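Protein chains in written order, with the working numbering: chain A, 1 to 113; chain B, 114 to 918; chain C, 919 to 1411.
A few of these clues could be false.
Cut-off 30 Å, straight-line C-alpha distance, at most; resulting in silico cross-link-like pairs (BS3-like, lysine-lysine) [said to hold, decoys possible]:
no.: 1; chain 1: B; residue 1: Lys905; chain 2: C; residue 2: Lys1350
no.: 2; chain 1: A; residue 1: Lys23; chain 2: C; residue 2: Lys1282
no.: 3; chain 1: B; residue 1: Lys219; chain 2: A; residue 2: Lys50
no.: 4; chain 1: B; residue 1: Lys219; chain 2: C; residue 2: Lys1282
no.: 5; chain 1: B; residue 1: Lys139; chain 2: C; residue 2: Lys1282
no.: 6; chain 1: B; residue 1: Lys905; chain 2: A; residue 2: Lys23
no.: 7; chain 1: B; residue 1: Lys699; chain 2: C; residue 2: Lys1071
no.: 8; chain 1: B; residue 1: Lys407; chain 2: B; residue 2: Lys576
no.: 9; chain 1: B; residue 1: Lys219; chain 2: C; residue 2: Lys970
no.: 10; chain 1: C; residue 1: Lys1071; chain 2: C; residue 2: Lys942
These are computed hints drawn from the structure, not numbers from a lab. This one's a predicted model, so the numbers in the text were calculated from it and none came from an experiment.
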Amino acid sequence: MEILMSIVIGALFASSVYLMLSKSLLRIIIGTGLLSHGAHLLIITMGGLKRGAAPLLGEKAASYVDPLPQALILTAIVISFGVTALFLVLAYRAYQELGTDNMDEMRGNEAND
Amino acid sequence: MSLLHLAIFSPFLMAIFVPFLYKGLKSIHTGWFVLALPILLFTYFIGFLPITRNNGTVEKSFDWIPSLGIHFTAYVDGLGLLFALLITGIGALVVLYSIFYLSKEKESLHNFYVYLLLFMGAMLGVVLSDNLITLYMFWELTSISSFLLIAYWYDRERSRYGALKSMLLTVFGGLSMLGGILLLSIMGDTFSIRELISQAGELNQHPLFLFALILILLGAFTKSAQFPFYIWLPDAMEAPTPVSAYLHSATMVKAGIYLVARLSPIFAFSSYWFWIVGAIGIFTMFWGSFNAVKQTDLKGILAFSTVSQLGLIMSLLGVGAAALHFDTLNDNIYIAAVIAAVFHLINHATFKGSLFMVVGIVDHETGTRDIRKLGGLLSFMPVTFTIAVIGAFSMAGLPPFNGFLSKEMFFTGMIQLVNLDLFNLETWGMLFPILAWIGSIFTFIYSMMFVFKTFSGKYQPEKLDKKPHEAPVGMLISPIILAFLVVLFGLFPNLLSYSLIQPAAAAIVPSLVGPGELLDVHISHWHGFNPELWMTIGVIAVGTLMYLTLSKWIKLYALFPGKVTLNALYDTSLYAAERGSYTLTKAYMNGFIRTYLVYIFAFFIGILGFTMWTRQALTIDTSNLAPIGVYEIVLVVIITAGIFTILFAKSRLTSIIALGAVGYTVSLFFVIFRAPDLALTQLVIETVSVALFLLCFYHLPKLNRHEERMGFKLGNLIISLGVGAVISLMAISAHSNKMFESIASFYVENTYKEAAGKNMVNVILVDFRGFDTLFEISVLAIAGLGIFGLIKLRLAKKGEEADEN
Amino acid sequence: MINLLVLPLLIPLVTAALLIFLPKSIRVQRAVSVVSAIGTLAASIVLLLTVKDNGIQTVNVGSWDAPFGITLVSDTLSALLVTTSSLITLSVILYSFRSIGEARERFYYYPIVQFLLVGVNGAFTTGDIFNLFVFFEVMLMASYVLIVIGGTKIQLRESIKYILVNVISSALFVIAVAMLYSVVGSLNMADISQRIAQIGSLPILTVIAVLFLIVFGLKGAIFPLYFWLPGSYYAPPVPVLALFGSLLTKVGVYSILRSYSLFFYHDQAFTHELLGILAIITIIVGCIGAIAYWDVKKIIIYNIIIAVGVLTFGISVATEESYMGTVFYTIHDMIVKAALFLLIGVMIKITGTNDLRKMGGLMKKYPLLGWTFLVAAFALAGIPPLSGFVGKLLIVRGGLAEGAYVGSLIVLLSSLVVLYSVIKIFMNGFWKAPKDYPGEENQPVLSLWAPGALLVLASILYGVGAEVMYPIISQATDALVHPAIYIDAVLKE
């Protein structure tokens, strides 16, 4: 299962990279969404899958899955939500001011001096 | 902190007061206040003569960074004292001269004297430091003060150009020297020059020795304007003439000579030292004089002359290194070269100093330094003329002036080389006296040019801005004193023999001088009709002939194409460096985020792939895998479908919904993986995210499918697949290398017992790792503020540029 | 009693929260910010002295024993960095009064600066690798907002790129932590070090170490991960740029230093060699950028990259001497970089342009500014006895002693390029014939100059007083050379 998950995670990363390399800001932000999904799945996979009951003491199981990665993911989910929200609003404002969501039209000023 | 330290630091202290003196006492020329200091210092240093006379030394130390072996160790021996006297003595004369040269009404005198004092202190520090790091510090400070002085008239383009050039070259040398110093300190485990000298034998055997030698010499050669680094010196002539007289002929440029002399006991036994110092020196001597002849600016002539004379002294020090290969003082003829070097050092300071002051006077009184405009000034400025004759004839090596004596000794040193059976000299040794002789001919020619083109010939009033007349007395005092010394040392050279020359020379070759011994330094005018005398006669004969036919062959210089000079090399490489850097930076920093991401991801794939490959990190352990169930397969299929939908979607809405689908699938995964809290949270967050996405992109244009070229897409595809593959492989390997029991069991055991909770994840979040959660909330708060500010604060409308900063 | 080492985090955090609720009065905002920044600085100085006298300070948050809870660890290195960051933040806040503009001040500029300080100080102080991630996020989120606040076109454009790159690096950080957790089963850095020491070199750990290098390298802007930096740093106003330039990259460098000395030191032949090569290339590309431009901001921005290269070179050599040099140089560079940014900020304010070709002659009217700049410039180039010298000396000597001749010489000669690039600013900005600039008389030059001058003064004292700093720096280096010191303090064995 972990190997399968690793491949799924790889696929999530690959697709997110592909999206981030595109011109459209929307696709890029969608790409970042996939990126965090991949990262979160990776954390839980690294903790070892299905090694026991859910980490609730009420379950009275002999063993529980590692609760720590789950806690980390929770933190990470919230943080990436914050970033995504900011990013979305930024994209919206950028479109308003710059009149485009095409990254090629948002070339930086590095080239000028 | 001793009186000696105070003496070294006194110029810096004085510098602090200069601006106040300038502002407070406008009616008195600031130079008068400053003048007191070098005079005081000169008399103070004279007081050391009785000690150094018998090769005694004085050492005072106080700690700066003792933990790193960095001390302010002031150390006075014959060599250091000689320089200290030059610095303060010439310094006093230059300050006196500058009082009449720089107008107190027009010039920012406070700046001038602050820089000058900075230089004086720095230079004293260089020659009186035993610790190489302190020496280096003062060394760089001389470069900096020289930089400031050259650009004293900083609104002139040429001044800035010269300042930058001198700074770049001398700081380059300084940094190389620092590298050499650090290597020495690694070899000898000390920064103290004397301690290093005492280990000279072992250092010579060290594999890093040659490396250190070259780096140190780079420092010395750039500072002392040796070929090919001399190019900064002619441009440094943009400085006010008193500065040129002081820094760029008498003192600062001799710091390189000082360094070579000072470190000779460490390095001189090496044949590399002998060859590099000797050969570079003699070639510079020739090259400088050869180029001086084609100059039309009086200061230009003197600048190249200085280059040449520095080369002369340098070559003598190189040749003098041969002396170390003989154990006894008797018959050690090469010691003569060292003595000649010291003697010429003094002589050069006197005659070159006076000549620079002459140029200053001519410039001051006629408004030009161009020999094509000058001529016939003899009748207007007889005193100046007399000084010029004394200085220039001494420079040309004519009797009875001091330059004649040291020039003869120089010839002796070069001729002796031919007889030396060391270092393969039998093959190339002849070049030394030949170059010396040719160089001396050119020296003779430009010396004559200096005097006669200026003072004799036709007076051309139409080319001059003002009517020339003799300089004010004040301006003449300093050059007269120097000219007097030229004559005095020429007639009675032995005034210097045991007071200054012997102690300095002994410090250069300490291994040859036993305790209580003195070197034999007796300078005489007449040695009979020896080769040296014939060489001098030859110089005068050929030189006179060539000077008289100057107009016939001067055009030969024009044959050298201007584009292949070292100057052009400096200019073009600086220009090319800037343009090249600009073009290069512009090429790869193209402003497209995609390009940057490609660099980053390519590096990611490359370096991690390379690491996995070379370290053979890829391991697959199938023994501890969880089983795959039907649900999981279904979810994998769904998530894959979601991904592909996003990738190929035509409309915005489809992409967003597909992203939501992927997110929900992830939360189902969490359910299967026994993470109910995660599943819930993910569900909520995903819903809110999708809503946000929809809200924002409701306002955006239709997502058009970008018609990218296929090649481009292929490139992106390869990179994406690479990133995915690297991550998958790393994840598998990381999972297959579980080396330790995780700390998780602690939470299982203690969640209820210690934290009184049943949901471990919650307890971890709010208790065990509550700190994470606190700051996670902070992140959300900042994001909230950011979003608020983004929507509300819009500075873009009003003046964009004005608000950038 | 609240533990001392939490204060540099807590004071700005509480201040930030407080400031959010008093947004209306700019005066109050300013006053509270300054008082709090002084408080943070004072607390961190007390902390530094405590660490110096009593050794490494730790606190297990929520009193859960390490490695199970989160442990904050203040060794001399972190205390030094925290102190420096607090000093810089104070200066930047002072500078902001007369420069950032009321609009931005009203929109939570000051609380976000405080949040940034929370993130930076937290990153320097935490002893937990995942908590480090969280503090990175605090710092990044604050930086996102700072870079974008104001919403000018260039800010919007550049912040998209900045956020995107950092989102990627955050995701990589998370997976790196996850993989490390999978292998060693712990998050506490001291515990990680101990566990790795038991197994020694393991291939996958080398790969993970390189992944961490990429993560921190993206923050610290080493080659070839720095491309986002020049454009993004160019966008925000000068005080924000000063904060970014002196603090953010140093957090990346610090993280490399910490991880590569504390736990990823078992395969130095690979990891440190790689770091060394990247460091040298970083210096070279930084140098190329620094001489390419006539824009004052860009020149100093590329100097950030050079400094990062020098520092990472020091880390890669990994001897006591080079570490000591790295620590010396880090503090120096933070102070002087911030000072230079603030000083060119004043130049830009006066002249109304970034372009050196359009500047000139400032020396006549603003000699104080000119000399302050020149001293800062020489300090940056490592001219003794100013502050850059000792650090560079030790890094180069350490490199030479280890046989890294090429790298050491490049570090040495990079000083020349640094000097050239900043002297170019001096020569073209302050020299040349004086001219008049529209609106210059309205600029509060003295109050803008003062914060930069304060930092330059700090830099001079730091350089000349190297002997005073030596025991502190040497103590900081000890914990880097001997991870056991750090581990023992955290795990109390």
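So, going through the hints one by one against the coordinates:
{"no.": "1", "hint": "B:Lys905 with C:Lys1350", "result": "violated (44 Å)"}
{"no.": "2", "hint": "A:Lys23 with C:Lys1282", "result": "violated (50 Å)"}
{"no.": "3", "hint": "B:Lys219 with A:Lys50", "result": "violated (88 Å)"}
{"no.": "4", "hint": "B:Lys219 with C:Lys1282", "result": "holds (14 Å)"}
{"no.": "5", "hint": "B:Lys139 with C:Lys1282", "result": "holds (19 Å)"}
{"no.": "6", "hint": "B:Lys905 with A:Lys23", "result": "holds (27 Å)"}
{"no.": "7", "hint": "B:Lys699 with C:Lys1071", "result": "holds (21 Å)"}
{"no.": "8", "hint": "B:Lys407 with B:Lys576", "result": "holds (21 Å)"}
{"no.": "9", "hint": "B:Lys219 with C:Lys970", "result": "violated (55 Å)"}
{"no.": "10", "hint": "C:Lys1071 with C:Lys942", "result": "holds (26 Å)"}
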